[in-house]
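**Q** Each chain, written out:
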Amino acid sequence: MALKASALKVGDTHSERVVENLSRTQIVQYAGASGDYNPLHSDEVYTTQVAGYPSVFAHGMLTMGLTGKMLTNYVGDGTLTKFGVRFTNQVWPGDTLDSKATVVALREEGGQHYVDLTLSTTNQDGKEVVAGSATARIDP
Amino acid sequence: MAKITFPVEASHIMMFARAISDDNPVYHDGAAAKATEAGGIIAPPSFPQAVAQFDPEYHLRPKNGQKWFGSAKGPSGIEGKPTSSGGLHAEQHYEYHRHIRPGDVLTAETMPGKVWEKESKRAGKLTFRERVTEYRDQNGELVITARGVGVTTERPVDQG
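Residue numbers (my numbering), protein chains in the order written: chain H, 1 to 140; chain Y, 1 to 160.
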């Protein structure tokens, strides 16, 4: 169901837990589906011994995908017109992520109503891993 | 940059949605998807990135007969590979002119964008490179405009 402009106000929020205790297997699953086989995401030996990180870490795009799940659950299917993120911190196996959308504007353009949102995904320590924004078509 | 042909298949959308733990039927159940406002199966909003599967030159996929830089007998299959962390993804932005559906045959064309540098305490000198990709459908219509920013760091990002 699309959101309704008449039922929304600036400052409204929607949040969801998008992943709990992220597994290395899910990261591998994302590598297979997306085609990004960078060893930094699945190869503990390479990542710790050659690249110098404490462990493998998630693709930024996996975190964008998880954030997008919260977003489309909120705004409905096929209504997004814009979705953008900055990856502000890495996401590690074992992380639990919460994503939140906040309404920053409601507007009308050529008879079509839109909602503008800011997005934030944080880990179990409250550290932001993704900061973003989105726009979706909504009903009047 | 060469144009990449990206045939969109329902099973690929289903696998991608599973990987982002999104159980929404609009990504895998044709009958249920028909009843939604999308009117049928669509792809999740971050799916355009899976175009990598169809890029014959994609450097982050092992290729038959070529050495791979991930671990095998040793920690890297390419000796003397610099220990730099290489590239990381800094930003990704999508503009949807419509949503992707199974059966679409997209053509993705990537153009280089701006390049800029920044000093960071956590990873040394950062070099940012922007890339803009246009995804057009079988009718030549623009479906999605994507803007990605990659960053190469001087050293691995400090976790402190």
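Mixed in with the good hints there might be a few duds.
Unchecked claim - Not everything, but these chain Y residues come out facing chain H in the computed CB check (under 7 Å):
no.: 1; residue: E95
no.: 2; residue: H99
no.: 3; residue: F128
Since the hints were made in silico from the structure, they are not lab data. Don't be surprised by glycine CBs; every beta carbon is placed ideally from N, CA and C.
**Q** All hints are to be evaluated individually against the structure, with a verdict given for each.
**A** Hint-by-hint comparison with the structure:
1. The interface hint given for Y/E95 is met, as the beta carbon of that residue sits about 5 Å from the closest beta carbon of chain H, less than 7 Å.
2. The interface hint given for Y/H99 is met, as the beta carbon of that residue sits about 5 Å from the closest beta carbon of chain H, less than 7 Å.
3. Hint status for Y/F128 relative to chain H: violated, with the closest Cβ pair at about 11 Å, above 7 Å.
The structure fails hint 3 only (numbered hints given earlier).
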